[in-house]
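Grab the two chains, each in its own frame, and use the hints to assemble them into the complex.
Those sequence lines, one after another, are chains S and X.
Using the numbering used here, you'd call the opening residue of the first sequence number 463 and step up by one each time.
Using the numbering used here, you'd call the opening residue of the second sequence number 82 and step up by one each time.
Source of the hints: derived by calculation from the structure; they are not laboratory data.
Bear in mind the structure is a predicted one, so any value in this text is a computation, not a measurement.
Please note that a few of the clues may not be correct.
Stated by the list, open to error - Below, in silico cross-link-like pairs of lysine to any residue (SDA-like), each with a Cα-Cα straight-line distance of 25 Å or less:
| id | chain 1 | residue 1 | chain 2 | residue 2 |
| --- | --- | --- | --- | --- |
| 1 | X | 172 | S | 472 |
| 2 | X | 208 | S | 472 |
| 3 | X | 171 | S | 1044 |
| 4 | X | 171 | S | 1089 |
| 5 | X | 86 | S | 1044 |
| 6 | X | 180 | X | 236 |
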Amino acid sequence: MTQTQDVLPNVPNQEQNISNLERTWRRGRGLIGWLSVTTHQAIGMRYIVTAFIMLCVGGIEALLMRIQLAKPNNTFLSADLYNQIFTTHGTTMMFLFAVPVMEGMAIYLVPLMCGTRNVAFPRLNAFGYWMFLGGVLFLYWGVFTGAAPDMGWFAYPPLSGPQFTPGKRTDVWAQMITFTEFSALCVATEIVVTILKMRAPGMSLNRIPLYVWSLLIQSFMVIFAMPAIVVASSFLLSDRTIGTHFVNPSEGGDPLLYQHIFWFFGHPEVYIIFIPALGFVSAIVSANARQHVFGYPAMVLSQIANGFIAFGLWVHHMFATGLPQIGEAFFTASSMMIAITSGVQIFCWIATLWTGRPRMTTALYFVYGFIAIFVLGGMTGVMLASVPLDLQVHDTYFVIAHFHYVLIGGAVFPLFGAFYHWFPKMTGRMMSERLGRWNFWVLFVGFNLTFFPMHILGLKGMPRRVYTYPPEVGWGFISQIATAGAFVIAIGGVMFLINVFRSRKSGAIAGNNPWDADSLEWATSSPPANYNFEYLPAATSRSPMWVPREERTFVTGLRTDRREVLVTTLMDAEPHHRYVLPGSSIWPFITAIAASITFVGSVFNPWYIISGSILIFVGLLGWFWPRRAAEIRDEA
Amino acid sequence: MTEPKTIDVSHLPPYDISNQAPLWWGQLLLAAIEGMMFCILIAAYLYVRLRYDVWPPPGDQFPHRLLPTLALIPLILSCIGTYWASEAAKKDDRAGMIKGLALNLVLAIVFFVIRLMDWYSLNFSYKADAFGTYLWAFLAVHTYDYVGDVIFTLVLFLLVVIGRHGPKVRLGVHVDSVVWYFLVIVWIPIYVAVYWGPTLMETQQ
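For reference, chain X alone in the conformation it holds in the complex (with noise of 0.2 Å):
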């Protein structure tokens, strides 16, 4: 009788900081879900729109587009810092996360302050009416994803600042990309449905 056969997996590496990683796919798969959650919400918004002859209904002011437009550019480039960082994870690069992480941190503190300053301009609250309404749902909902991963960005900063980055906080860094590419990419369909969405479909009366 032969005796059973054996895999020696002892020399595969112990962690492995990429999208090979289980912590990378729950990452993504996250974002699928979030990610679904807005694409019903822009529907569900689309749908409403369509039983309103006038959109915004009287009363309520056209958003403003020059501030939103504005803070894409540090919202996109934001994206370049979190490259950076998850790269430098993969390297164990400490200073390469540090700056990385620093760079993502304070573009996405100006996008942050330029929200806040469009959406107080607002004339309108969430309890005016249906448009009222899927602004404040739109913008509440991606700020609040937003914060949160803020500060889960600024926990992993601190982290690496202090010394405390092994494999497991470097997989953070690299898995915190994913979830940062998510909240930019997602801003883009919103930002045209809330901004342009009332202009690009104007009703022929």
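If we strip away everything but chain S, and leave its shape as in the complex, we get (with noise of 0.2 Å):
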């Protein structure tokens, strides 16, 4: 029963106060408790560590791969076992890495940003990180059996269609889609939820802070993207499994239907995983640089419109299949656009930088880094929204070189920089800078070292996705180099563990806010208790902790004898109501248990779909069903 706000109002029964909010918000105990816990530090931490996981298999990988190509006629990886390697790469770094690691950062951080104690849907939170984690489970399962998919992260008809891949390997694929489409729309409806009606009073839009904005923002793009790769891989699914006609051509299907579909949803992605980073990169910037992030209308708008930008490019990612050329035109301009928007941001952040006083953080120098190869890829993707210069290096290591440069520099580099900058606040203890610089140049040079000659095999002509290559062509020695500086990336993740480990034993001690920032998540201790403030903060003005200690206010009047959390307007955040979030709960794991039966089922027999929706229907009815008194009787 320790304070954990740094300062409190003057109000009795503080002690009684904190003592009920300990035992209404306590995790349960033993493994059922383990598996009912609804908090969002909890959660979020579980999809942290989970996709960092998942980051380190997909890394394995893609050196399994860097030693087949090292040398001409190399016989390290079969052909077959190369094109599951490769394919199960992009799948688990796109899907199973880069958007539930934004995922959980926003769980983690959003609630403690908007100055609320819980996300505003915990069940939902949970059963989206089972399902999650079901994704992981059933694509590695593939992976150990022999059923990993071998067509390509973005599995094309027909090559994916059941005459070219048979067996099951494209359907572990397309369900573990299934998988992760959902965990990430429940995240997203949350984080809407949360950000539009939980904000602490006088939170106005024009006060959110703008890491939080880009996950407004990320998360509108999620809920119109994501059901395009339900319709996808669905299509693909029932294609191979019960025989109907969506994008099968030797039945009257359409292929290319298929890769306007995924493209559709496949671009956004991009920017689902790229806009979270710009919030990053505004949290760190402007506590680093000690001020405002320059020009917040500017950041918030040019946001904005990346999102709606990103729904209007996906066919760049089809000029070479003979769309019209007026089309190609169309979407040359628009790709070309998204520079100008990103553009705005990076000149914004510069500023800030410039007029502040810059504190060389490990986090400011991922971010120094960030913008160095953002840049580069930037450039790298203005070329490539030419149709002519596209036509020439299209499927070749040019592209793989554009996409880890944005990638890994847009969204990778920045997500290093949050880990170092918020590890103070989720374990209380500071991490080393020292190792961190080291880490830091360590990771930037392997990765420049990786990645820059693959321009050059791109533009010689190396084509993507092939397992070996004769000695004349002459890239062996480009190829020995990019495997050599993917090893250099190994040893910087490794540094990075290291860092990790060492300093949550051993680091020194954060303090809440080590780092003199100036949102609402340093207001409480790190690491955070499970009900986050023991009063609710207000947000006096857009910089919350920047505010003299005797002006700050707080919520009181909230009952602390059940979860009872405010709800405030939508524009103005002014209190509008109270309201009660549910407690841990078992049953959206049983659910998400029934829906991976449901999922996994249909793959090998299509009446699963209905036994294991009357599964899901008894799962959700468990998990709604009025239990308490309080939630039956009209009580105030």
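Here it is as structure tokens:
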């Protein structure tokens, strides 16, 4: 029973309130308790850890590929195994690492930054995590039983259709997508509602932290983009399992339609990964430059514009399919437009750092690394947006270089920065800055050593997804450099892990606000209590933590004997009513098991959709059944 | 030094059954997700239709219009029951909720029976060709959602009947209306695409 906030209002019965909160928000004990947890810090951490394990697994797959490509006519991996590994690498990194890790950070940070106690739908949150874990286990069950997908991470028909990929490999891929899209949609829904309805009083739309804005935009993108992949993967799966004719050309379906629908999801997907990273950058820049990010309205508007433009770009993945030229011209223009909105943000950060007194923390190093790498990746993006150049380098290593520059540079570097920035909040201890700087430089050098040569390989004509090449083509030396770089990246990754494990045990104690940052997550203890704040903070300015202590404002009068939170109005965040969040429950886990039986079973027998739905219904019934007297009686 | 200020919220209501409730917003987003899915399905249908000269392809019957058009009457009227129940939920009017939900359920089942009759009258299956695939997909996906929500409405109805209707169940009745309006509204463009699409998009031979 310790005080978590450094400033508290002077109200009676504080001790009593805190012990009530401790009791109300306690996590369950034992296995059942562990499976029933619904607090956002625990679920967020599970996402982050699971996704990080997937990053390591995907990284090992990348190393295997690089070993195979290090010299011509190498026989380290067979062609079939190589196909499985590059598909699993892409699938893992996109669906099981990049999106979930961003979601995990959001689940952890958004309720804290909004100044509330949990996400809006805690049980849905738990359910989303179990579905994600189901996707992980299903894909890797496939990998270890020889049913790993081998048709590339976007699974174009007719290659992925029933004639050319018999067996269960593609089905495993398509159904793994179903798991992860369920998870992503659950998270997006609860994040949007948390941000719109549960912000601290006074946190009007123009006071939301930029990171939270980025999550609001990202979540809306998930809501409008993920249904496309639901449709695409269901088309593919039902063509393969029950003989429909959506995308199977031999039966009157249309394979190009699959590409359209897939990329209508697939392009926004890239921004779904990348926009939260922009939020990390804003938070790190403002904390370390020790001032507001320059041009808040411009930042918010250009992120919103990013979100909209993202839905008008998908055809640039399909320039080689022979679409009408007028269409290609339109998509070239819209693809180049994204450089404007991204450029505005880069200049705003540079202006913030330029006019501030930047403190060179490891997190800020990663931001500088992000700016350098991402601008380079953006340049090749503008090049690829032009049709003639795209046709020339289509499906070559130039494309591989480009998207690793934008995705690793644009998302993973800010993510590492974010780990260094928020690690003290999540664990209560600082990470080593010295090792952190080594970590940054090793990753930065390793990254450029691996991926810069790939531009050249691509221009020399090396196609992607080939498992080997003859010596005469002269790709051997450059490939060797890339392979060496991949191992340097791996060393950087190991350094990060060492730093995490060492700092967790023996890092310096962080205190509530080690960086003197401005947003509300720093108002509480590190790590936060299950209920986050004893008295919910109010936001009296855009930087509530930079307001003098005596001018801070707190919410009182919430009941502490049940999980009560404050609902505020959408625009101005004025207090509207109190709202009781559900407590711990095993039912989200049971429902997730029922849904997993449905999804996995339907790969083998379509009737599982009907019988599994009955199981899901039973799960949902247990989930929503009004149990406690307070839920039944109409009491105040 | 002045004391930190406080905002006392103990006078605010402990729950609210209206469009201010987080659950209402969650349900709205769920409708947005499903709505987007149906939009993509319709777009895909139109895309495939343009690849064919003759639509429906030879051998498939032209879908009947009489039954599905008649079915729109109970479907649209069922919204009255939903509205009645959701307003009664705000006022904690048990009788109103029971009557509204009962009206909703009865009309929903009438629609469902007509849907099944219409579906059984089709002379092609989803395996026949692209036309069959899309028609069955529209019917199957909408029916799945529809049956799901009818079952949950039934559960809410039973909870109110046996008297276990506190604020949570009343909020459930209220937000259930969001899903129901969505299922009714989304059926209209699908109905047009499925039953009128072949005529409206006749290609000039």
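Now for the hints, and whether the structure bears them out:
Between the alpha carbons of residue 172 of chain X and residue 472 of chain S the distance comes to roughly 38 Å, so the proposed pair goes past 25 Å and is violated. Proximity of residue 208 of chain X to residue 472 of chain S is assessed by CA-CA distance (about 71 Å); at most 25 Å being required, the pair is judged violated. About 21 Å separates the Cα atoms of residue 171 of chain X and residue 1044 of chain S, which keeps this hinted pair within 25 Å; it holds. Between residue 171 of chain X and residue 1089 of chain S the alpha-carbon distance is near 21 Å, which keeps this suggested pair within the 25 Å criterion.
A threshold of 25 Å between alpha carbons decides the hint, and for residue 86 of chain X with residue 1044 of chain S the separation of about 29 Å lies outside it, so the pair is violated. Restraint check for residue 180 of chain X and residue 236 of chain X: the C-alpha separation of about 15 Å stays at or below 25 Å, so the hint holds.
Consistency note: the structure conflicts with the earlier hints numbered 1, 2 and 5.
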